[in-house]
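Q: Just so you know, the protein sequences line up as chains A and B, in that order.
For the first sequence, position 68 (counting from the first letter as 1) is numbered 68 according to this note's numbering, and the numbering increases by one without interruption.
For the second sequence, position 615 (counting from the first letter as 1) is numbered 615 according to this note's numbering, and the numbering increases by one without interruption.
By construction, these hints were calculated from the structure, which means they are not laboratory data.
Incorrect hints may have been included.
[Unchecked claim] Here are the in silico distance ranges between beta carbons for each label pair:
no., chain 1, residue 1, chain 2, residue 2, range
1, B, G553, A, S149, 48 to 58 angstroms
2, A, A120, B, R642, 27 to 37 angstroms
3, A, K90, B, A252, 29 to 39 angstroms
4, A, K90, B, S560, 32 to 42 angstroms
5, A, K90, B, S166, 22 to 32 angstroms
6, A, P64, B, E752, 19 to 29 angstroms
[Unchecked claim] In silico negatives: residues of chain B with every beta carbon more than 10 angstroms from chain A:
no., residue
7, F87
8, E548
9, K682
10, V871
[To be verified] If the Cβ cut is set under 8 angstroms, some of the chain B residues that face chain A in the computed set are:
no., residue
11, R60
12, P62
13, L88
14, S89
15, M90
16, P264
17, Q692
Ideal Cβ positions, reconstructed from N, Cα and C, are used throughout, including at glycine.
What follows is the residue order along each chain.
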Amino acid sequence: MSIRIPSLTYTALALFFIAVPARQAAQSGYKILILGDSLTEGLGVEKDDAFPARLDGKLKQWRPGIQVINGGSSGSTSASGLRRLQWYQKAKPDLVLLALGSNDGLRGVKVEETRKNVEAALRYCREKHWQVVLAGLKVPPNYGAEYASAFAKIYPDLAAKYKVPLVAFLLEGVAGEPDLNQADGMHPNERGHERIAENLFRFFKTLLADQP
Amino acid sequence: MPLFLRLLKHKRGAWISFVSIYALGLSVFLVVNGLARNFREEIRVKSKELLEADLRVQVRRPFTGAEEEALAKWIPASAKKAEVWGFLSMLRATGITGITGIRRTASGATPAKDPGVGVPGSGGSAGASRLVQVKAISPGYPLVGAFAFAGAGKGAWSGRMEDFRSGEILVPRELLAALKLSVGDSVSLGAKNFVIRDEYTAKPGGSFDFWEMGSRVYIPLADMPATGLEQKGSRIFRYRFFMLPPGTDPDAVRDGLDDALSDPEVDVSAYTDSGSDLGRSFNMVTAFLKMLSLSAFLLSAVGAAFFFRHHLVGERKTVAVLATLGASRKRIVGIYVAQNLFLSSLAALLGMALARVWSIGLPLLIHALYRIDIPSSLPWATFAVGLALAILTSLLFGFTGFAGLGRIPPATLIKPLESAPLGVLPRIALFLAQGAFFFALAMADSRSWLLSALSVGAMGGAFLLLGALGWAAFRVLWLLRSRLGYAVRIVLGSIRWGREKSLLAFAALGFVAFTSCLVPQLEDLILDEISVPKGRVIPQLFLFDIQEEQLPGLQALIKSLGRSLDLPSPMVRARLEKVNGEPFKRDEDEDGKGKGNGSVTQDGKAAGRHPGAEAGRRRGRATLEARNRQQFRNRGFNLSYRDTLSDAETLVAGKWWQGRAAEGAIPEVSMEKDYAKRLRLKLGDVLVFDVQGVEVEGRITSLRQVRWASFQPNFFVLFQPGALDDAPKSFLGTIKQIPPDEAEAVQNRVSEAFPNVTILNLKDVIGKTVETLGKLSWLVRFLSGFALLIGLAILWLVVDALVSENQRTILLLRALGEPRARLARLFLAHYAGFCLLAGVTGYLLSLAAAWIIDLVVWQVPWIPNPLIFLVCAGASLAVGLLCSLYAAFRGAGQPLRGLLSLTRP
Chain A
1 MSIRIPSLTY TALALFFIAV PARQAAQSGY KILILGDSLT EGLGVEKDDA
51 FPARLDGKLK QWRPGIQVIN GGSSGSTSAS GLRRLQWYQK AKPDLVLLAL
101 GSNDGLRGVK VEETRKNVEA ALRYCREKHW QVVLAGLKVP PNYGAEYASA
151 FAKIYPDLAA KYKVPLVAFL LEGVAGEPDL NQADGMHPNE RGHERIAENL
201 FRFFKTLLAD QP
Chain B
1 MPLFLRLLKH KRGAWISFVS IYALGLSVFL VVNGLARNFR EEIRVKSKEL
51 LEADLRVQVR RPFTGAEEEA LAKWIPASAK KAEVWGFLSM LRATGITGIT
101 GIRRTASGAT PAKDPGVGVP GSGGSAGASR LVQVKAISPG YPLVGAFAFA
151 GAGKGAWSGR MEDFRSGEIL VPRELLAALK LSVGDSVSLG AKNFVIRDEY
201 TAKPGGSFDF WEMGSRVYIP LADMPATGLE QKGSRIFRYR FFMLPPGTDP
251 DAVRDGLDDA LSDPEVDVSA YTDSGSDLGR SFNMVTAFLK MLSLSAFLLS
301 AVGAAFFFRH HLVGERKTVA VLATLGASRK RIVGIYVAQN LFLSSLAALL
351 GMALARVWSI GLPLLIHALY RIDIPSSLPW ATFAVGLALA ILTSLLFGFT
401 GFAGLGRIPP ATLIKPLESA PLGVLPRIAL FLAQGAFFFA LAMADSRSWL
451 LSALSVGAMG GAFLLLGALG WAAFRVLWLL RSRLGYAVRI VLGSIRWGRE
501 KSLLAFAALG FVAFTSCLVP QLEDLILDEI SVPKGRVIPQ LFLFDIQEEQ
551 LPGLQALIKS LGRSLDLPSP MVRARLEKVN GEPFKRDEDE DGKGKGNGSV
601 TQDGKAAGRH PGAEAGRRRG RATLEARNRQ QFRNRGFNLS YRDTLSDAET
651 LVAGKWWQGR AAEGAIPEVS MEKDYAKRLR LKLGDVLVFD VQGVEVEGRI
701 TSLRQVRWAS FQPNFFVLFQ PGALDDAPKS FLGTIKQIPP DEAEAVQNRV
751 SEAFPNVTIL NLKDVIGKTV ETLGKLSWLV RFLSGFALLI GLAILWLVVD
801 ALVSENQRTI LLLRALGEPR ARLARLFLAH YAGFCLLAGV TGYLLSLAAA
851 WIIDLVVWQV PWIPNPLIFL VCAGASLAVG LLCSLYAAFR GAGQPLRGLL
901 SLTRP
């Protein structure tokens, strides 16, 4: 079943594909781990300005029991995903948002390799009975249409295969916008992080809406 | 013959010593300054090559209309221009087109069965793709530097950039090998196919940015639209290169553009900004050479002044005779000023001739010995400065003597002058004037108040301290004279008679020892900073993002290729959360340098977004720097851990840990000292890091000095093993210098087996840096040794003059029946004591000076090198004993009749 989700709406259709029953989100200590790279870590902005922290604030206002953990690590590629998930086992997350692979794309890593690594991370989460959400990533158009489309396809393909919700593109509305990015043109600034957090908040609000 | 020359006729020894010492010192000053200037010029040329122009403007988007206008306003119309777009992209092998009928493999050989014409898909591994760094170049590129091509001159391809046409691409050999392609084959970038025109073997420029991973390929800028790679969201850098017309100041144009281009994303660089990789090393070497040349000159000036003053003291009776015969004081002073001018001019001419000879000979010698080329020209301006400097300095140093001449009474003929002809206050005033003169000289040379004050202060202070110590030592011996033997008393009396000369000689000897010991200590420090330690092979390949589970496999693979993965270092990403229990935040002050190199506010409140953005000399640059600082400030830390210090590290405070962190105890942390200073962290501080969601504590127990030019993985923060073992980490590693073919094979095999591992070949970048640092090292070594030889020569001449001075005492003692052997022992003890006391004092003062210079000027820890201590102390002892032996045997061996021809001055 295809679950390619329109990127602008972050539709809640994904809810229907959640494979693993989640703990109740309202319950105290519901933890969302965002596993990613420098985009997640918030390279170049204060920790409190990175989107995981802002999302944490928004979700807490909505449901005080939710906690977002920033699992970003600058420079990391998808190859480190599995090992890092093992580390976060200590944090006992209830839901993992996998935002892995942007450095793979920027370094021209073979698409199959990235797919394999993200898939391994996804399977590990399922083994641990953690709810999983995939975040789609893209490479800039200068890498060529062929590579860019093959890379972008990794995420919807895996989401469909494992029936997990998909955030179609993590940097939706932010990538390529000079006002929302730092001088390097790659990392979001405070406003860019706020936009991502807002997008994700809408997504999670829908995703977790029917949970008591 | 004028009287001043006739009076010199019988003082051959004195004036030869004066001229030779002064000429030697002056020549060292001229040649060291000249070579340093030549080297600076070479660095300047290299900087242009690195930047590829006089001026470069870059931005990661198209230039706006306002920016184009600013460029048109500030860049002279006659400037040469070129444009380049730079970006990363995937290059795909598509097949053979055979445009030239010549198809060559990466090694340059023509394949046996070369179809020569297009057979799509048959070339190499058609369909294979690889990340490349694309440079789309405009006509006229490169402005500085040049390409070299493997196939230039073969067939229709001339190798000139004018013949590089639309639809063609230039690639490096490793790319041909990796994709199994040949010259003449076809590749695609985006929607456009390109034919490989040639394999380049050298390319312009030499700078490196981390984003520039992948092989660099060149395409015509005009082909960019056809590739379709420029779209919204594309990361494409636009570079504009400019060669300014002669006489245009690139810094002024850069500053003007900085002001005009308000967007901080637009970066303007002049070639004077580039080469900063070598900045610290080069600045240290330049400062050292300046100190060296100034020391050599001051040394020779002190030596020459010693001889001239010695000569003037010896001339007191002559002065008295002249005064008795009716010569006016003005005329008498005029005679000796003329002598000084004559001798200093002679020394200057000789020194300049020597400098010229050395400026030609030294580079030849250095080339013959070390295969290093150093430019040999010496500008004429250097000679003019040398002549003026020599005469002025000599007059200034001789002034005390000249002023005293007018106060010598005719009665000196029958009663020797017991007190110095000039009072204490005028002498202090003259000493200060001499100091001011050298300070001005140092300022003109270094343009640094601190450096000038330290150089002159250290030397002047050393001279004063030596004089005071010599005087104190003599006073103690003089008070104890009744308990000493008569021979010692006679020696003391002899010193007392000529106490001015003795004191001067003591100070001169000590000063020679001071300078001679200071130079190797500073040289040692500099070489430690800039040279590659013996036995260390510089790495060439750098591997990143090695996952823990990949490490054994990667090591095995590299071993199977006959190489080894060196220094595999774990890297753990973390953020500093708390310092001593308080939330950590850091801000900067308005000049962008931070409050005392950085400040920590632990109140948990942000101190503003871009505090440096509103300040600064130029808004654009300040804002960009502020952004960069913000990025630096807020980024996390790359932590690592290991058992021992690397050979690029030196512990400067605290202690290194023993073994692994104990269970339950706070693990120990070692910080790089400058980084700790910037963050205002100190020994004993307890840090809390957020290691990807998990808090890890650590206490700073040591500070390290890190030699960043060691070309090996270095970290600001190191943890005691045990604390981070389980943390998510990746590894870095290096592979040493290997031949190009092997490097390509290793790169390809690693990329195939471990696609996530990024492998960078930094051969070109490191090679150029190492070559320049090597030159600097040898320059420092050679010129230090050269200056020390001059110091030893001066030392010997001073001792020789002292011996001559005491001949009368020696002969008098012999006439009184003192046996020669006992006399020899007596004078051996006398001179040995004299030389050793002066030498050891000079050495101790040099330790203090080295300590101050290291800490204040270079801001590096001062660690005395035991070998230098032994060599300096040993050399002081050996030279002192040799001089003493020479003095004792020469004095004791004189025939008694010599007493008749000697008179006390």
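Q: Hint says 48 to 58 angstroms; check whether the CB-CB distance for G553(B) and S149(A) agrees.
A: violated (31 angstroms)
Q: Does E548(B) sit more than 10 angstroms from chain A, CB to CB?
A: With a cut-off of 10 angstroms, E548(B) comes too close to chain A, as the shortest Cβ separation is near 6 angstroms.
Q: Does the Cβ-Cβ separation between P64(A) and E752(B) fall within 19 to 29 angstroms?
A: violated (51 angstroms)
Q: Is it the case that F87(B) keeps its Cβ farther than 10 angstroms from each residue Cβ in chain A?
A: It is violated; F87(B) is separated from chain A by about 5 angstroms at its closest Cβ, not greater than 10 angstroms.
Q: Measuring from beta carbon to beta carbon, are A120(A) and R642(B) in 27 to 37 angstroms?
A: holds (29 angstroms)
Q: Next item in the hint list is S89(B). Is there a CB on chain A closer than 8 angstroms to its CB?
A: holds (5 angstroms)
Q: Can the hint on R60(B) be confirmed by a CB-to-CB distance to chain A that is less than 8 angstroms?
A: holds (5 angstroms)
Q: Minimum C-beta separation from K682(B) to chain A exceeding 10 angstroms: can you confirm that?
A: holds (24 angstroms)
Q: Are P62(B) and chain A close enough, Cβ to Cβ, to be under 8 angstroms, as the hint says?
A: violated (11 angstroms)
Q: K90(A) and A252(B), beta-carbon distance inside 29 to 39 angstroms?
A: violated (59 angstroms)
Q: Quick check on the hint: P264(B) CB to chain A CB, less than 8 angstroms?
A: Nearest chain A Cβ about 7 angstroms off; hint holds.
Q: Given a hint of 32 to 42 angstroms, does the C-beta separation of K90(A) and S560(B) actually sit inside it?
A: Between K90(A) and S560(B), where Cβ atoms are some 37 angstroms apart, the hint holds.
Hints 1, 3, 5, 6, 7, 8 and 12, counting from the list given before, are not met by this structure.
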